[in-house]
Amino acid sequence: MKKSGIVAGIVVALLAAGGAAAFAIAWRPAIAAIEPADRQSFSPDLVKRGRELAAIGNCSDCHTVRGGKNFAGGLPVPTPFGVVFSSNITPDPETGIGRWSEEAFRRAMRSGVNRQGQHLYPTFPYDHFTNVSDEDDRALYAFLMTREPVHAPKPENQLSFPLDQRVVVAGWKLLFLRRETYQPDASKSAEWNRGAYLVEGLAHCGACHTPRNALGAERATASFAGGDVDNWQAYPINAQSPAPVPWDADALFAYLRHGVHPDHGTARGPMAEVVSNLSSVPESDVRAIATYMADVFGSPSPERKLRGEAAQAQAKANPQPASDAASGKNATGAAIYAAACASCHESGRQPPYGGINLALSTAVASPDPRNLANIVLSGVRPVEGERSPIMPGFAASMNDEQIAAVLNYLRGRFSEQPPWSDLEKIVADARRSQTAFLQTSARARNAPADPAQRDKP
Amino acid sequence: MMTLKVNGQDHQIEAEPDTPLLYVLRDDLKLNAAKFGCGLGQCGSCTVMVDGKAVLSCVTPMVLLEGKQVTTLEGLGTISEPAPIQRAFMEEQSAQCGYCIAGMMMRAQALLLRNPKPTDEQIRAEFAPHLCRCGTHMRILRAVHRASRLMDTADASSSTRRSAQ
Amino acid sequence: MNAPVILDRRHVLKGSGALIVSFSLSRAFAEEQATPALSPKPPGSLATSPYLDSWIRIDADGAITVFTGKAELGQGFKTAFQQIAAEELDVPFHVLKVVTADTKLTANEGYTAGSHSTQDSGTAIQNAAAQARALLLAEAARRLDVPAETLKTEDAAVISPNGRRLTYGELVAADMLHVQAQPKSSLKDPASFKIMGQSVPRVDIPAKVTGGVAYVQDLRLPDMVHARVVRPPSYGAQLVECDSSAVEKMPGVVKVVRDGNFLAVVAEKEFAAVKAMNALTVAAKWKETARLPKQDDLLAVLTSGLASHDSVIFERKDPLVTGAKTIEATYTRPYQSHGSVGPSCAVAQFSDDTVTVWTHTQGVYPDRQAIAEMLRMPPANVRCIHVEGSGCYGHNGADDAAADAALIARALPGRPVKVQWMREQEHGWEPFGPAMVTKLKASLGDDGKIADWNFEVWSNTHSMRPGGAGCLLAAQHIEQPFAVPPAKPLPLPEGGGDRNAIPIYTFRNAHVVHHFLPDMPLRISAMRSLGAYHNVFSIESFMDELAALAGADPVEFRLNHLEDSRGREVIQKAAEGFGWRKGQKAPEDRGFGFAFARYKNLAAYCAIASEVEVNRETGRARLVRAVAAVDSGQVVNPDGLTNQIEGAIVQSTSWTLYESVTFDDTRITSIDWQTYPILRFDAVPERIDVHIINRPGKPFLGSGETGQGPAAASIANAIFAATGKRLRDLPLTRKRIKDAIDA
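Chains as they are written, first to last, in the working numbering: chain A, 1 to 457; chain B, 458 to 622; chain C, 623 to 1365.
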């Protein structure tokens, strides 16, 4: 998407709104700075609720950088428009939000405006947080104001003119910020409604899982139809889900809460941090999210159900059905799979400590091979001191051609889907961007584990 | 039958394509440095270099190695003519039982070839795949820094100091 | 046997090659040299192996060999002993050769364990070398017809005042060293030490960093085959069916060995053995029984679920002193794993009616005894030779691998058989460090000092060795099995579960009880420092709790209760090295902690001060830096000692923050590094400083296990300082810390 096109779009939006109205939208008053709040003034229950909400909101994922202090910001978020750094949301008076009143905080969540009146870039997903209730904002405020203040100035965003002028965001908001996208639905259960409130709001699932338009806004007609995070695909989590076994509420709950499900695999990559946070919130909230999302996935068609059962049957078969390895094109891939992958992925040991049977892998079934390429390249790293899966990465021992061969083989043997194309280029790109992701992202602090063992030391 | 290049020499290896490199090195070529620690890619004791990059030889099957150069610790130097990395580990006395050390050294060597002056942070990140149960980590870090300095100096190849026995 | 040696014995033969002949005769049955000495006993292991030539051999060609019944485990003993002998014999370091534990060649020194090696073997070598030197001087004096006092020794030779030089090789004669040691030796003055006390580089490291043969895993004997065992999936599982016909036909497979529940496969090539093992594992069908206790209920299991034999092991009463404020606390430790990085391995070869086993067992003699019993052979027909393995940290799978190899080798007479355990087997079958519970209760008097002290510890034995064949897995699994012998407590003063249970501090009233638990639901045995790790963790955590109650500085509080002057010095040294200040304040989110112990109250002293950072959002604890002080008596190799203490701190950090064995009702489930995580580089501290207090001339004090207990308590105390929360259940995981902070 060319910059000139974006600029044109914004200008048009501003003009369309009319001069005065545009001014009214673009300019926001500063809210008076306050003395940093006394930590004791917040009730422990409120802070506790705020902690849970912050976990649902996955705040730490963007606002904590590896090697940095909690919530002190500084994470570079690559967007098609440049790099935006996350801000310091500790109660530091100078570099954090220590001088923000609760009203200022609520305005930021509701409308994407900071205390000083500047528009925030929608990398901060206030298009979702606008749905968070006043009560929850209050709890979040209490939680953040009782964190440890960290003096950490935010690095300058790397955006070029005119995108570095925040007023431009006003136009974006005019076009795309819709208040209260979440409305309770009386025909649905309380649990569903709670899930909807959380998903559309704090949990901001669509921020990753919904495709965006040229101006970087979520496409309203394509909710949950899949998106990108760095060079990972955030799978469609609606009826277009490519998962071999259709998701249901129980599977979603297990996956979100414990980070693993035998029919779907282990949550790693950018999802690891999300799951790590959800492991610490009330179960009922995770159940609610699972219930709502199960509805978003929708009931699978009978044909899809049958395909899912076939995949499960293939995974259970012992010994595994023979492959058509003899055919020349796939011979290398077959040999590599047999030698490097089968010992873990056909061991019969369940995820998370055994490799998932690839007949069940969404990464293999997805139209987009990037996630699979990423995993094969870098493997799965252990979480410090926690029981967690370890998969070796093959970036150093396999070249692009070899990885493409094995990806081709997996696609052919373990899915009914058409072959991928351009694999070697995709692998080469993945190799480059993996290195960047692995070096900057804050790592998951918890780990998926066998649910029976989760609470054990 | 396939040709495997190890430490600059070609070897004719008769092994199934799914044989992990580790077994070929130890069982066929009688090389000792790369060790069996887990066979699962979890501990790093088996680390060698393939085309200059550190790999876990226990999960690197022969089928991947056609035309590639394998380097093991034996290929870096000897007791009488140690490579800088070997000198560094001897000078820092960076070992207790020593079982993990060969793997550590190969990882270090691959790192230093890519990044001759790594920071502590970078070394720690690079060594994430490696376990040392004796707790020799502090010395290993010091040895990597020392090797970096040795590789820097002009006479890095001379071995007149206390490293030789 | 021989009368006590007189230094001017007349009937020494003139120097010739005769020594080698008579030597080899006496070498052949080295064990027979282990005639207990006459009283008073010579020092160290000389008491049980008093003949000097059990320790030192000098050949006519000048070659000098030092023998030790101990094994190099990676602690640097070979080097240290070489230093000791070189010093006392006045021989250049590199001229000596050290031969370690071998039932055919070396004295029986039991196990290389308990931090005894320098104390026992080092002392024996030191004295044997000194006495050998005296004998050589006496012989030279006789030949040169000058008084011995006018002669000096240097560079493996005796030098006369007029420059005449007689090498040791020339001087030595048959049986010269085949004499019993005197109770006292004329040892060198520490002030004159040239090699002892120096950081001589380790003799084993060069091979290890250049791919030389260094480990039992590197042994390659002619005609050797590779074996893999298929272990049962759980304790007590029975092999009900195994059709191995397909496996026997796999390429390269030589044999499938089945004897009751013992199942193994042998192949020409190593990977073929692995593949055959995988196939055999699928073919084997087992009947299992659910018999393991509840993993998260160990406190109840240990304190009320298992029968115990209770004994008061220490009592002190002063009725005039009573306490005003009382606190109590319970501390727990789970089962923990040795976690040797290299799974156990052994090579065995039958030849006629004898078998040789190359093994990294800590005790070649007891292992020989057990293997002989298992094979129903005379022990004299079994030879066990120690070859290094990876660090064992106690009783890991080494002895069992040796038994496996011997059993399989018997099925293939003449061919050397190498058995290599797999990672899952080492994790699943090694004998663990036992779970433990301690309950402490103490009162402070009005003077702010501890008025009374109560300590109770519940624990299994911490050693199932020696125990004969019944302690070997293979012997337990074969068709005619050997029963696991009844567990016995290790006697005090060393103790097992009660090691370091008796406080070194002086308490006016004290009562220490050992609840010995003979039943072992999980397989257990000795793991580095035995009960001391948990007992010191408990005592030193509780001392901090009492110090807080008294409003006292933790270091000062300890000094107020400690009379042992060397202990006091070690505490002061660590505190000073750390920069410990009364009323100090750590940086935000960090805490300082202190701990001290004397291992077994007999061995080395160690105090550790640490700085720990706790992330309040995640509960993650990180050791930032540690400062240790250690007093190990006469230091042989300062760098070696530093290496051991650094290692102890890092290892204990891993145990303390992360480690616990997991199991369900049937199986051990922590079977690899995914499920039993240990410390990786991202948790290594920024700095460890070790301050050594050298005590020239004082007895050697074992230091291999002195750091673990203090490191654990130091970290727990630092976490308390950082968070205000006291954690008493090991390991101090992220979740536990976070829950404590959030509570």
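Heads up, some of the hints might be wrong.
Stated by the list, open to error - DEER-style ranges, computed between Cβ atoms:
1) C:Lys1207 - B:Asp577: 18 to 28 Å
2) B:Gln526 - A:Ser421: 50 to 60 Å
3) A:Asp248 - B:Asn572: 16 to 26 Å
4) C:Glu1191 - A:Val83: 30 to 40 Å
5) A:Ala190 - C:Asp1361: 27 to 37 Å
6) A:Gly82 - C:Lys1207: 36 to 46 Å
Simulated from the structure, these hints should not be mistaken for lab results.
Since we're looking at a predicted model, the values are computed, not measured.
Ideal Cβ positions, reconstructed from N, Cα and C, are used throughout, including at glycine.
Checked hints:
About 27 Å separates the C-beta atoms of Lys1207 (chain C) and Asp577 (chain B), a value consistent with the hinted range of 18 to 28 Å. For the pair Gln526 (chain B) and Ser421 (chain A), the supplied restraint of 50 to 60 Å is violated, since their beta-carbon distance comes to about 32 Å. Checked against the hint of 16 to 26 Å, the C-beta distance between Asp248 (chain A) and Asn572 (chain B) comes to roughly 48 Å, which is inconsistent with it. Checked against the given bound of 30 to 40 Å, the beta carbons of Glu1191 (chain C) and Val83 (chain A), roughly 57 Å apart, lie outside it.
Between Ala190 (chain A) and Asp1361 (chain C) the beta carbon distance is about 29 Å. The supplied range of 27 to 37 Å therefore holds. The supplied range of 36 to 46 Å is met by Gly82 (chain A) and Lys1207 (chain C), whose beta-carbon atoms lie about 43 Å from each other.
Checked against the numbered hints above, the structure breaks hints 2, 3 and 4 and satisfies the rest.
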